[in-house]
Amino acid sequence: MQTARLKSRIKAAETKKFFIYISPWLICFCVFGIVPLVFSLYISFTQYNISRPPVWCWFDNYVRIFQDFAFKKAVINTTLYVVIKVPLIMILSLAAALLLNGNIKGKSAFRLLFYFPAVMPAVASVMVWVFIYEYEGGLLNMFLGIFNIEPVQWFDTKHALGSIILMSLWGIGPGMVIYLAALQGVPRVYYEAIEIDGGNRFDSFVNITLPMISPVLLYQFLMNLIAGIQIFSEIYLATGGGPNNATISLNLLIYQYAFSNPIRMGLASALAWVLLAVTLILSLVTFKVSDKFTYYDGK
Amino acid sequence: MGNTVKIKKFSLRALLYIVLVLWAFILFIPFAWMLLGSFKTTEEITEMGSIFPSQFNFDNYVDVFYRINFMQMIMNTAIITICGTIVQVAGSIVVAYGFARFQYKYKNVFFMVLLATTMLPWVVTMVPSYVIYAKIGWVNTYLPFIIPSMGGNALYIFMTRQFIMGIPKDLDEAATIDGCNSFRILLQILVPLMLPVIATITIFCFVNYWSDFIGPSIYLRTQTKFTISQGLQMMKNSMTERTPWNAIMAGSVMFSIPMIIVFFSAQKAFVEGVVTTGLKV
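Line by line, the protein sequences give chains A and B.
Just so you know, we're using my numbering here: the first sequence kicks off at 1 and counts up by one.
Just so you know, we're using my numbering here: the second sequence kicks off at 1001 and counts up by one.
Rather than coming from a laboratory, the hints here were simulated on the basis of the structure.
Treat the hints loosely; a few may be bogus.
What the hints assert, rightly or not - Straight-line alpha carbon distances no greater than 25 Å define the calculated DSS-like cross-link-like pairs of lysine-lysine that follow:
1. LYS11(A) to LYS1169(B)
2. LYS16(A) to LYS1107(B)
3. LYS158(A) to LYS73(A)
4. LYS105(A) to LYS292(A)
5. LYS1105(B) to LYS1009(B)
6. LYS105(A) to LYS1105(B)
7. LYS107(A) to LYS1107(B)
8. LYS1105(B) to LYS11(A)
9. LYS1008(B) to LYS107(A)
10. LYS1268(B) to LYS17(A)
11. LYS16(A) to LYS1105(B)
12. LYS1006(B) to LYS107(A)
13. LYS1225(B) to LYS1236(B)
14. LYS7(A) to LYS17(A)
15. LYS17(A) to LYS1107(B)
16. LYS158(A) to LYS85(A)
17. LYS85(A) to LYS73(A)
18. LYS1236(B) to LYS158(A)
19. LYS158(A) to LYS72(A)
20. LYS1105(B) to LYS17(A)
21. LYS1107(B) to LYS1006(B)
22. LYS1107(B) to LYS105(A)
23. LYS7(A) to LYS1107(B)
24. LYS1105(B) to LYS7(A)
25. LYS107(A) to LYS1009(B)
26. LYS1135(B) to LYS105(A)
27. LYS11(A) to LYS1107(B)
28. LYS1169(B) to LYS16(A)
29. LYS105(A) to LYS1009(B)
30. LYS1009(B) to LYS7(A)
Claimed, not checked - Label pairs and their computed distance ranges (CB to CB):
31. LEU1193(B) to GLN153(A): 55 to 61 Å
32. ILE76(A) to PHE1183(B): 49 to 55 Å
33. ASN1108(B) to ASN101(A): 15 to 21 Å
34. ILE1029(B) to TYR135(A): 15 to 21 Å
35. GLN153(A) to LEU1012(B): 40 to 46 Å
36. SER290(A) to VAL1019(B): 29 to 35 Å
37. PRO187(A) to THR1041(B): 54 to 60 Å
38. ILE1029(B) to GLN153(A): 16 to 22 Å
39. SER51(A) to CYS1180(B): 51 to 57 Å
40. ILE1260(B) to LYS105(A): 39 to 45 Å
Keep in mind that this is a model prediction, so the values were computed, not measured.
Beta carbons: idealized from backbone N, C-alpha and C, even for Gly.
Let the hints inform the model, and build the full structure from the sequences given.
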């Protein structure tokens, strides 16, 4: 009897301490997370320009989004960006990790150099890239000039999205470091086993390396996917979504709805919720599909 | 027979090194181009074929301070970075301590919610947050960068929690018997042992605040409040003349220097942080 009461008192004290220590997060999450989230859902059903009170308009915004030509462009561009960039950056970072995983002289120096582009602040690196893409005096056109190729307007409607994707491929550093760590976690005995069985390097990559690091690949895929859907700063800084919406992305469109004249906060919020729904669905699909393909130790 | 195998092996290795060196060189080009550009004259930046500047002087670096209020912007960025980092690191440590050391039936539910917030697209709360901050007078102040950070950041909390869980609980228990309360245990026993993880999250925090562009571009409206990110963007968008790329590159170099210093001086902590958050959460 006594011990039971003591136990429950200790438990209550523990619970109290738990909530005291997590309270900074809990309070901030409610005030700066839940409240805006609910508010955003409400605004998405209204016409709202911040200076006048919101006017309820049911699903008008959700309908209007799909009629906007810029929205179609944004969906196409964001999809293209994700579909091209995510696999490419993952393959490149994994390739870099595989190359550096072996017995290589100057391994840490290479690792440093490969990581380096990711150290520059986003704005600085976009600035450099826009400078590289300049029509006159830009490095890329100079380089093409060596082969007698006419200079290209890298940010015209035809090339702009490709240029944005190309510059994003310099940030292989974080992925590479993560894959290197994952590769180091693969037990050596597995490779020795396949060597005894007479398998070559390709066999061991397909049958051991890939399955062993598949959970990491999956997680990275998801993270890259979520980040890719939210592409904003690079485009905002490089082209501002132009020319003629050639590089507009979903996030950029939301930003424009919300802050460019005419201010349409309702439309922006509605699109933000569409984006959230898409993100959720894609994450769930990734998890579902991956159940079949990823290997978890001991499961 | 043995010779051809040897030659094949050797040439494969040579190829590997060639690929690595070439790749590293290509990756290094943007940084080099930034450095070179920062020394060029106005004529040289639009000239086809001029890769190297004719002379290395620091005119452009001085010029930046005249073109825009760069000194003020450095100060602003530093204020946001320092205040934000202190608040966010402290918040993350406290919350991580709660998650690591105290039991509650639905603790895991709370932790899952915490981790789920990392997946939430920032635009979803952008509009309402802006509206709320506008109503309470936080727009064009640094409060939106600092106050919401008091609750820490999900990734940092995760990393710190993992680290605390690796510290034997015997230490806490011994201290409790000696009459230490839980906050003193955190401050006097755990924090000194947590320095590696604190270093890592501090670096991450610093880097994120320093290079942030989205936050300032939403909440800061007048030039006297601008951060360096915004200053560089201002120079790029100046409509009055040709884009002053040499000055922008000089500004970008100065903007990058703190990041580069942090990266090189704390490489291990940096990489460790990337790895722990990148493998799985």
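| query | Hint by hint, which ones does the structure fall short of? | reply | 4, 5, 6, 7, 10, 21, 22, 26, 30, 33, 40
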